[in-house]
Structure formats: structure tokens, C-alpha cells
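Novice: Take a look at the letters that make up each chain.
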Amino acid sequence: MSSAVTNLSYRYKVPLSLSVVIVITAAVVSAVLGWQAYRDLRGGLIAGAEGLGRTLSRALLPSLLSDEVWSAYETVMTPLEGIEDGGSPQKTITVLDAKGAVFVSSHPAQFPVLAPLASIGPSYAQLQRAIATQAPHSSVQFEDRVNDRILVAVPILADDGTHLGTVLLTYSESLFLPNFYATLTRVIGSTLLVLLVLVPLGWNIGRRMAIPLTSLAESMAQIGSAPRAQLTERLYRSHDEIGQLGRQFERMLDELEEKRNMEKQLIAADRLAAIGRLTAGIAHEINNPLGGMINTINTFKHHVNPDPAVTERTISLLERGLAQIRDTVGALLVEARMESHALSPDDMDDIRVLVQPQVSEREVRLDWDNGVSEPLPLPSTPVRQILINLLLNAVQAADQSGTVGCRIHCDNRLLVLDIYNDGKTIPAAVLEHLFEPFSLPSESRGGLGLWVTYQIVQQLKGAIDVTSAGAETRFVVRLPIPENV
Amino acid sequence: MEHGCRTLEPATELVNRRRALRQAAGLVLAGLALPVRGQIRNRAIRIGTTAVILNDQVSFLDEWARYLQEQIGRQVSFVHRGRYREITELLLRDELDFAWVCGYPYVSHRQAMRLLAVPLYQGRPLYRSYLIVPSHDVKTASFADLEGGIFAYSDPNSNSGFLVPQYEMLRAGLDPLTLFRKSFFTYAHGKVVAAVANGIAHGGAVDGYVWETLALRAPELTRRTRVAAKSDEYGFPPLVARRSIDESEFRGMQKVLTGMPDNPAGQSLLKQLNLDGFALPEEHLFDGIGRILAYVSTRQRLVS
Numbered sequence: 001m002s003s004a005v006t007n008l009s010y011r012y013k014v015p016l017s018l019s020v021v022i023v024i025t026a027a028v029v030s031a032v033l034g035w036q037a038y039r040d041l042r043g044g045l046i047a048g049a050e051g052l053g054r055t056l057s058r059a060l061l062p063s064l065l066s067d068e069v070w071s072a073y074e075t076v077m078t079p080l081e082g083i084e085d086g087g088s089p090q091k092t093i094t095v096l097d098a099k100g101a102v103f104v105s106s107h108p109a110q111f112p113v114l115a116p117l118a119s120i121g122p123s124y125a126q127l128q129r130a131i132a133t134q135a136p137h138s139s140v141q142f143e144d145r146v147n148d149r150i151l152v153a154v155p156i157l158a159d160d161g162t163h164l165g166t167v168l169l170t171y172s173e174s175l176f177l178p179n180f181y182a183t184l185t186r187v188i189g190s191t192l193l194v195l196l197v198l199v200p201l202g203w204n205i206g207r208r209m210a211i212p213l214t215s216l217a218e219s220m221a222q223i224g225s226a227p228r229a230q231l232t233e234r235l236y237r238s239h240d241e242i243g244q245l246g247r248q249f250e251r252m253l254d255e256l257e258e259k260r261n262m263e264k265q266l267i268a269a270d271r272l273a274a275i276g277r278l279t280a281g282i283a284h285e286i287n288n289p290l291g292g293m294i295n296t297i298n299t300f301k302h303h304v305n306p307d308p309a310v311t312e313r314t315i316s317l318l319e320r321g322l323a324q325i326r327d328t329v330g331a332l333l334v335e336a337r338m339e340s341h342a343l344s345p346d347d348m349d350d351i352r353v354l355v356q357p358q359v360s361e362r363e364v365r366l367d368w369d370n371g372v373s374e375p376l377p378l379p380s381t382p383v384r385q386i387l388i389n390l391l392l393n394a395v396q397a398a399d400q401s402g403t404v405g406c407r408i409h410c411d412n413r414l415l416v417l418d419i420y421n422d423g424k425t426i427p428a429a430v431l432e433h434l435f436e437p438f439s440l441p442s443e444s445r446g447g448l449g450l451w452v453t454y455q456i457v458q459q460l461k462g463a464i465d466v467t468s469a470g471a472e473t474r475f476v477v478r479l480p481i482p483e484n485v
Numbered sequence: 001m002e003h004g005c006r007t008l009e010p011a012t013e014l015v016n017r018r019r020a021l022r023q024a025a026g027l028v029l030a031g032l033a034l035p036v037r038g039q040i041r042n043r044a045i046r047i048g049t050t051a052v053i054l055n056d057q058v059s060f061l062d063e064w065a066r067y068l069q070e071q072i073g074r075q076v077s078f079v080h081r082g083r084y085r086e087i088t089e090l091l092l093r094d095e096l097d098f099a100w101v102c103g104y105p106y107v108s109h110r111q112a113m114r115l116l117a118v119p120l121y122q123g124r125p126l127y128r129s130y131l132i133v134p135s136h137d138v139k140t141a142s143f144a145d146l147e148g149g150i151f152a153y154s155d156p157n158s159n160s161g162f163l164v165p166q167y168e169m170l171r172a173g174l175d176p177l178t179l180f181r182k183s184f185f186t187y188a189h190g191k192v193v194a195a196v197a198n199g200i201a202h203g204g205a206v207d208g209y210v211w212e213t214l215a216l217r218a219p220e221l222t223r224r225t226r227v228a229a230k231s232d233e234y235g236f237p238p239l240v241a242r243r244s245i246d247e248s249e250f251r252g253m254q255k256v257l258t259g260m261p262d263n264p265a266g267q268s269l270l271k272q273l274n275l276d277g278f279a280l281p282e283e284h285l286f287d288g289i290g291r292i293l294a295y296v297s298t299r300q301r302l303v304s
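For the record, the sequence lines run as chains G and S.
Residue numbers for the first sequence follow the working numbering, beginning at 1 and rising by one.
Residue numbers for the second sequence follow the working numbering, beginning at 1 and rising by one.
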């Protein structure tokens with residue numbers, strides 16, 4: 001429940017909170033008004049009873065003095081005329097003599113003449129004690145909660161202050177209940193009317209308060225999937241906290257963009273650096289066949305009349321030399337070209353050609369296993385950059401005359417590049433921070449190679465894992481192959 | 001009664017003096033009799049009533065006064081008093097010409113009152129006193145059963161509402177002063193019925209004629225009471241005149257009253273009274289009341 005409330009959108013939370021506060025306030029106000037009305041009406045009833053009691057105590061004085069039961073009866077019946085009484089009378093008026101016995105009552109069945117008050121019921125016995133203990137000159141109010149009655153006793157005093165008797169009025173609380181219910185109905189009715197206006201108003205205000213926040217949240221959720229203009233067009237430019245959040249959000253977007261641009265530049269720079277590193281080997285790779293071809297041509301020139309066999313052999317040598325140069329230059333051209341195309345098996349072969357000079361120089365053995373025979377819907381440039389970076393690192397890290405392996409295959413919609421080498425293991429402490437910039441200070445490349453590789457893998461939504469144990473270091477890159485290009 | 005007795009003496013004296021004066025005047029001023037008579041005629045006839053009949057009948061009394069006025073040719077006004085004694089005293093002071101009194105005050109003040117007419121109730125000038133109890137009391141059959149209860153009398157000067165029950169109790173060997181835990185007067189028969197019906201009193205003594213008339217007029221009230229016992233018959237509360245009344249005036253009124261059944265308007269009034277008419281009085285009619293008064297007086301110091 002609480003988590004349901006916590007997880008509720010501010011779109012609903014704010015208006016709901018306002019509405020709940022309004023409803024609670026209205027309920028409390030009605031309850032207070034209702035309680036006030038109850039007290040007022042009840043107080044009015046008691047005051048009325050006491051007023052009537054005082055009037056009656058005056059009027060009854062002669063009857064009590066001359067023991068006129070009937071005239072006392074007529075006096076107490078006068079205020080009750082026209083009141084229809086059923087089984088449980090709502091108002092009774094009883095005159096008690098100085099000893100507390102009934103002198104006469106409007107309801108003689110309940111209060112028989114001469115009956116002691118205490119004998120009529122427990123609440124009357126209590127009242128009798130209250131009358132006896134309180135000064136006989138003051139009136140007594142008593143609540144009979146069992147029968148929902150209010151009892152008011154007013155003394156009948158002679159002119160010299162002698163206590164001659166008591167007028168006892170019992171009022172049923174049901175006397176004011178109809179008035180109370182009428183008041184309550186009015187209070188509840190007006191509260192509902194007020195709520196009818198205030199709740200939609202509060203809801204509306206709450207909604208409007210929540211809109212800047214929800215649109216900010218929506219904009220943040222769209223980072224990376226919507227153009228920047230669309231992200232910022234709905235932000236509120238106010239000076240409150242949400243306005244500040246919006247400005248911070250814009251600043252964050254700026255920084256994100258800056259970071260992305262920097263990454264792009266770094267990756268491009270890394271490509272150029274790789275090409276630079278390749279170039280020395282490649283130049284050697286071109287020089288070798290060139291030297292061979294020049295030698296062949298010189299030899300050929302010494303033959304005055306070369307027989308066709310020598311010519312053919314010479315041409316064949318030149319052909320092979322030129323083909324090797326063409327392949328090398330071709331691979332380099334592709335690498336130097338910036339535009340990307342779909343990854344093909346030729347790209348793998350290009351990489352093999354490009355790293356071959358380094359392999360030869362380091363005199364390592366390259367185990368090459370290319371399991372890709374079909375073009376894949378992956379951009380060629382970043383994949384080639386990953387392969388070159390990891391292979392050059394592996395060749396660099398491998399022992400002299402050691403082994404470097406490269407296994408490329410497809411596995412369940414993933415392109416897996418598995419590059420390994422023997423040589424020193426990377427310490428665990430270094431391994432943890434391997435993909436952070438400049439984590440390998442000893443490396444000649446400035447330590448950005450693996451970081452760039454990591455960024456490219458991230459951009460392709462792939463994963464890169466490194467293990468280094470038992471004199472073998474292995475990098476495994478898994479790139480998801482998109483369904484369609 | 002003590003107080004009443006003291007005021008009686010000068011009143012009787014006054015009456016006698018007045019009569020003597022008037023007789024003297026009649027002799028001396030025989031020739032000037034007409035103007036004097038005219039003066040007397042101009043004075044309204046004052047008739048006193050008490051609760052011997054039903055209370056609260058202002059409109060009825062107005063109607064009756066108009067009727068009598070037409071019949072007699074003189075202005076008639078009714079004087080109503082709550083207590084029997086007040087009417088008796090007014091009559092004794094000659095402040096009233098006529099009065100409808102109870103048999104008991106009449107018997108007590110026979111020498112000061114002159115019987116004018118006796119109402120006929122169910123064809124006879126007689127009525128009873130009823131002992132009534134609340135209708136839920138189905139056991140009570142006599143005063144003895146009401147021992148320790150609350151009792152309502154109508155008026156201390158009422159025959160049916162006080163004297164008769166006193167007599168009945170004494171005759172049954174009961175002491176009216178100690179039999180009940182409390183007794184009180186309502187000063188009207190109708191109110192005795194209400195006191196018993198509403199449960200203020202466990203029993204009450206009421207004029208049988210009033211109870212029966214109420215049973216016709218307000219049956220919802222009498223239905224809440226039950227007649228536990230009925231007394232012997234006594235002379236119906238009579239209409240009396242002051243002793244000093246002018247003879248022709250007396251006869252005139254007597255004639256008008258007895259002639260009421262012969263007149264549609266009179267019949268209508270009698271119907272409202274639940275009476276059959278008015279008869280010329282017979283003195284011995286009230287002997288019964290006299291007897292029980294004597295019986296009670298010897299055994300009980302009466303309140304009045």
C-alpha cells in the first residue's frame with residue numbers, strides 16, 4: 001500500500017494529496033460544527049428546562065404552601081399542553097416536597113404521588129443525593145446516560161428562603177435530536193457543496209504544480225532517444241527548484257554532448273594512431289617485395305637473350321610481388337577510408353594482412369581461425385578497430401617467439417572475437433582498472449587503446465571480458481548482430 | 001365553616017335590615033313605587049354558578065343569560081366562582097339574586113336561601129355520588145379498598161364530592177382522615193375525573209350527573225375511569241334565591257325556568273345541560289342531605 005503510494009506519479013500524488021487535505025479539512029470542520037451544534041442545542045435544552053423550572057417554582061409556591069395538589073398539577077401541565085406522549089414521555093415535570101417525595105407529577109404513573117424520589121430509579125436516587133449535597137438553593141443538572149435524559153432540579157423557595165420543595169424536569173435528549181439532525185444535514189450539505197468546488201480546484205492546482213516535474217522526468221527519460229531541442233522545449237524556466245533542476249538538466253545535456261564529441265575525437269585519433277603503428281610494418285611489407293622485384297629485374301636485365309622459361313619465371317615473381325603490394329595497400333586503404341560498410345570476411349583477412357608485419361617482427365606465431373564466411377550487418381570500421389587494437393596489444397604483450405591467437409565466430413546472434421596471447425599475466429589490481437584511461441602507464445600508446453576499445457564495444461551495445469591467468473591473457477568481445485540493417 | 005359562620009351573622013342581620021327598610025319604603029312610598037320598581041328593573045339579575053354543573057361553559061352561560069334576558073325582559077348576568085363557599089357568601093351578602101348551589105350548602109344555609117327550582121335529571125330531581133377509580137383498577141369496590149391511597153374530592157362544600165363519601169366511609173366504620181395517605185380537592189367534579197383518569201389519585205368522589213354527562217361529552221376521559229360504587233340518591237343541586245328576593249321577581253324566574261322545556265331555545269339549553277327541565281321545589285327533597293350532614297357532624301369535624 002505505502003509503496004503503491006510512494007510509486008505513484010506526482011501527476012496524481014500532488015493533486016491527490018491536495019484533495020485529501022481538503023477533504024480532511026472539510027470533514028474536521030463539519031465534525032467541529034456538528035459537535036458545536038450538538039452542544040449548543042443540548043445547552044439550549046438545559047437552559048430552557050432550567051428557565052421553565054424557575055418559572056414553575058415561582059408559580060407553584062402558593063400550591064405547595066397550601067398543599068393544593070390539583071392546582072400544582074394544573075400548573076405543571078400547562079407547559080406540557082398539546083404534547084402527545086407515548087410510552088416514554090419526552091418531558092416530565094414533577095414537584096417534590098421538602099422531604100423529596102413526589103408532591104405531584106405530570107406523569108403520575110412514573111412518579112406516583114408521595115413516592116420518595118429515590119425509589120423511582122437509580123438515576124433518581126443519584127439525583128436525590130445530588131440535590132441533598134448541593135446547596136438546596138441552587139438548581140442541579142444531572143445527566144441520566146442510561147435513559148438519555150437530562151434531569152434539571154430547581155428548588156422551590158419561600159420568600160424567606162425556606163426550601164419548600166423542588167421542581168424536577170426530565171427532558172429526553174431526543175427532544176433536540178431532530179433539530180440536531182437538521183443542523184447536521186445542513187452542515188454536511190454545505191460541506192459537500194464546498195467540496196464539490198474545492199476538490200476539483202485543488203486537483204487542478206495540484207496537477208498544474210506537478211506538470212513541470214513530470215515533463216522534466218519525461219525529458220530525462222528520453223535522453224539519448226530524442227533530439228536535444230525536443231528534450232529542452234518543455235522545460236520550465238521558473239526560478240523555483242524545478243526551474244533550477246531544468247537548468248541543471250540542460251547543463252548536463254551540454255556536458256553529455258561535449259563528452260560524446262570528445263569520445264568521437266578520441267576514437268578517430270586512436271584509429272589514426274593504429275594506422276601509424278601499422279605503417280612502419282606495412283612499409284617494410286611493401287619494401288620486401290619491391291626489393292625482390294628489383295633484384296629479379298636486374299637479374300633479368302643480365303640475360304641477353306632470356307629464354308622464355310626465365311622470362312616467365314621473372315614475370316611470375318613480379319606478379320606475386322605486385323599482388324602482395326596491392327593486397328597490403330588495399331587493406332591499408334580500406335582502413336584509412338572513414339566510411340563504414342557491412343562487415344565481410346574480407347575485413348578479417350585485411351586485419352590479418354595489416355598486423356602480419358608486427359607478427360613477423362616479433363617472431364610470434366599467429367593462430368588465425370576466421371569462422372565468418374558471410375557478410376554480417378555490423379559496421380565494419382569499429383569492428384576492425386577493435387580487432388586491430390586487441391591484436392596489436394596481444395602481439396606486443398606476447399613473449400618473443402610466443403603465440404597469439406584470434407578466433408572469430410558467430411554464436412547465437414553474437415559475433416564473438418576471441419583474442420589471446422601467452423606471456424606475463426596482468427596483475428589482478430591492474431585488471432580491475434584495465435579499461436580506464438591511462439591504466440597501463442608503461443604502454444607506449446599512452447594508455448587510451450583499451451579505453452577506446454571499451455567505448456566502441458559499449459557503442460555497439462556489446463560486452464568485453466578479460467581473463468589473465470596461467471600465462472595466458474584472453475580478451476573476449478561479444479557483439480550483438482542486429483536483426484536487419 | 002367557622003369563618004363562614006362569622007360572616008353569616010352580619011349578613012343575616014343586613015338581610016333583615018334591608019327587608020325591613022324595603023317594607024317600610026313600600027308602605028311609605030306606595031305612590032312612588034313605580035320609579036323605584038323601574039330602578040330595580042334596570043339592575044341586572046345576577047345569578048351565581050359553581051361547578052355543580054360542568055365547568056368552563058362560558059359560551060353556554062352567555063347563551064343561557066341571553067335566553068333568560070329575553071324571557072324576563074331584564075338583563076341577566078352569571079357570576080361564576082371556583083369554590084362553592086364564594087357563591088354561598090355572595091348570596092348571603094345579597095350580592096346575588098339567584099344561585100345554583102349544591103344541596104349541602106343549601107342545607108347548611110337553609111335560613112338564608114329560598115328554593116327556586118330543582119333540575120330534573122332523567123326525569124327526577126335526584127342524583128348520586130360516584131366513587132370512581134382508574135379504569136386499570138378492576139378490584140376496588142368500596143372505600144375500604146382504597147386504604148393508603150391518594151384520594152380526590154371535588155369541593156369541601158360539595159355534597160356528592162365530599163359529604164356523601166365522608167358519610168359512606170363513616171358508615172362503613174372507616175376514618176376519612178386516616179384512611180387515605182393523602183387527599184386533596186380539585187374544586188370541580190370534572191377535575192376529579194381528570195385526576196383519577198390521569199393517575200394522580202387512586203380514587204375520587206364525583207357528582208354522578210357530572211360523570212354521566214362527561215361520559216356523553218368527553219367519553220375518552222371517563223373511559224379511563226371506572227365507577228366503583230354509587231351512593232344512594234340525594235336531592236339534585238337546586239337553584240336558590242336570596243331570602244330578600246322580590247316575590248314577583250322570584251315567581252318570574254321560577255316560571256321562566258320551569259317553562260324551559262316548552263320552548264325550543266329552552267329545550268336546546270336543557271339538552272346542553274343534559275337535564276330534562278326544572279321542577280318546583282319540595283322542601284323534603286334535601287332531608288337526605290340533612291340527615292347525613294347530621295350523621296357526619298356528630299362524628300367528624302368538617303373541614304368547611
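Please note that the accuracy of each hint is not assured.
[To be verified] For lysine to any residue, the following SDA-like pairs were computed, each having C-alpha atoms within a straight-line distance of at most 25 Å:
#, chain 1, residue 1, chain 2, residue 2
1, S, K255, S, E282
2, S, K182, G, E68
3, S, K139, G, E68
4, S, K182, G, A115
Just so you know, these hints were derived from the structure itself, not from any lab.
Novice: Could you grab the alpha-carbon distance between K182(S) and A115(G) and see if it respects the 25 Å cut-off?
Specialist: 12 Å, holds
Novice: Check whether the Cα positions of K255(S) and E282(S) lie no farther apart than 25 Å.
Specialist: The given pair, whose Cα atoms are some 16 Å apart, holds under the 25 Å limit.
Novice: Has the given pair, K139(S) with E68(G), been kept, meaning a C-alpha gap of at most 25 Å?
Specialist: 28 Å, violated
Novice: Hinted pair, alpha-carbon criterion (25 Å max): K182(S), E68(G). Please report holds or violated.
Specialist: Distance ~11 Å between K182(S) and E68(G) Cα, so the pair holds.
Going down the numbered hints, you'll see the structure goes against just number 3.
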